[in-house]
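Novice: In case you want the letters, here they are:
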Amino acid sequence: MRAEATERLYQERLARYTTALRNGKPDRVPIRPFVAEFTAKYAGMDCQQVTQDYRLAFDAAARCAADFDWDAIVPNMVYLWGTIPQVLGTRYLAVPGVGLPRDTGFQYCEPQEDQAWMKPDEYDALIEDPTGYLLNVWMPRTNRYLVGDGQPNTWRNNVAWLQGGMAVMQYFSAFGGQIERLRRECGTVSAIAGILKSPFDILADKFRGYIGLTMDLFERPEKVLAAAEALMPHMLHIALSTADPNKQVPITIWMHRGCVPFVSPAQFERFFWPTLKPVIEEIWKHGHQTLFYAEGQWHHHWQHFRELPAGSIIYHCDRDDVFAAKRALGDRFAISGGIPNVLLSFGTPQEVRDFCKRVIDEVAVDGGYIMDAGAIMQDDTRIENIRAMTEFTREYGVY
Amino acid sequence: MTQESKTSNAQPQCRPAGTVVPWPDQRRDLPEMTGNEQLVERNWTEIDAWTYAFLWHCVVSF
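Keeping their order, the protein sequence lines are chains L and A.
Quick note, this note's numbering runs 17 ahead of the 1-based positions in the first sequence.
Quick note, this note's numbering runs 321 ahead of the 1-based positions in the second sequence.
Simulated from the structure, these hints should not be mistaken for laboratory data.
Hints should not be assumed to be uniformly reliable.
Residues on chain A that point at chain L, a partial pick, calculated with CB under 7 Å [said to hold, decoys possible]:
#, residue
1, Q347
2, F375
3, L376
4, W377
The C-beta atom is built at its ideal place from N, Cα and C for all residues, glycine as well.
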């Protein structure tokens with residue numbers, strides 16, 4: 018009987034969540050917090066435990082989902098399993114408990130401009146054969162155990178490729194069980210499936226670095242554009258191959274530094290948007306929505322996002338004004354997030370309730386809204402504030 | 322006694338998205354195909370897709 022009740026709860030939540038994703042009006046506002054290291058804090062763990070042992074991260078996420086009764090969560094929003102960079106010797110990642118304090122979230126380390134993972138004269142190699150460039154140049158350069166093409170082989174190289182492949186396969190294969198566990202134990206929906214980054218962000222984040230890339234925009238703009246275009250089919254392939262086969266929950270694009278003021282409006286229009294928009298349109302043709310996880314502020318570009326087919330994206334507000342986002346985009350796309358992380362970390366429960374009331378009244382008013390913070394929640398988020406956001410939304414956010 | 326083909330160390334000329342060693346390149350490295358080639362191709366393509374996923378997830382996901 019309990020299993021049947023939990024499955025019924027799951028189906029109710031799935032309908033509530035997917036209705037809101039498609040800009041419709043469900044029975045009440047769905048609650049879908051992207052909780053990362055917050056799960057460790059709530060479950061009595063530290064950042065090292067949920068980063069170095071994905072099984073503990075799964076446990077912490079499942080415990081939060083059950084205790085807070087959320088409609089949907091990410092199965093593991095900490096997302097990095099520290100063993101993967103450990104076996105490869107990844108240079109750009111620092112993980113808690115190994116070099117970092119065990120109560121600090123993992124960190125990306127961007128090198129100095131002259132130490133960028135991709136050299137400025139390597140654009141042609143990337144453009145000609147992106148996968149070959151990854152295999153032969155980028156992977157050995159970013160991972161200290163791997164040996165580049167033409168270099169003398171080492172036993173650590175052999176072991177690292179083997180362990181790296183095994184680790185990624187082990188980790189990704191475990192997600193199916195975690196998604197099923199959330200459904201079976203607490204009737205919680207897995208919020209997203211599939212990953213996407215913009216080609217421009219990949220160039221900035223992982224190849225040239227932000228400063229290097231912005232210099233390239235002036236010194237070799239044609240190469241930047243050609244490289245972004247060369248990455249497009251690969252971004253599309255990764256997104257579709259990891260997407261929800263049932264086409265219910267969205268692929269997520271994590272949007273970093275392609276917006277004003279990191280680039281100018283003209284650079285956005287020349288480099289970022291033309292190499293992302295066709296990917297989103299193709300994903301939509303395959304029947305998948307894309308969750309625009311718009312980190313920072315992207316309001317300068319809302320008029321471009323409106324060019325996309327209605328319903329093809331869900332716009333997630335981080336530091337944008339969520340009320341303005343509703344006015345600018347709400348007729349075409351659902352909105353999520355917008356509850357300021359600083360409020361959830363440093364405000365009071367009453368301040369959280371007051372802000373949530375305004376969001377429910379003005380943004381969620383006709384449906385098409387999913388309750389969430391602006392950005393993923395780490396261990397500085399106050400438990401009583403998450404509880405206030407959850408309980409208030411459940412009580413007040415009824416249509 | 323089977324005759325082994327000489328394994329090529331040349332990089333593939335064309336690597337579409339989803340592949341690291343595309344089937345035509347792998348096919349050239351194999352001995353005479355005496356059985357069901359589609360069976361071999363399907364299984365090669367599957368494991369090659371995992372390899373591709375590993376490489377690209379290192380860039381995109383982590």
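Novice: Does each hint hold? Answer for all of them.
Specialist: Status of the hints after comparison with the structure:
no.	hint	in the structure
1	Q347	15 Å, violated
2	F375	5 Å, holds
3	L376	5 Å, holds
4	W377	5 Å, holds
When the structure is compared with the earlier hints, a violation turns up for hint 1 alone.
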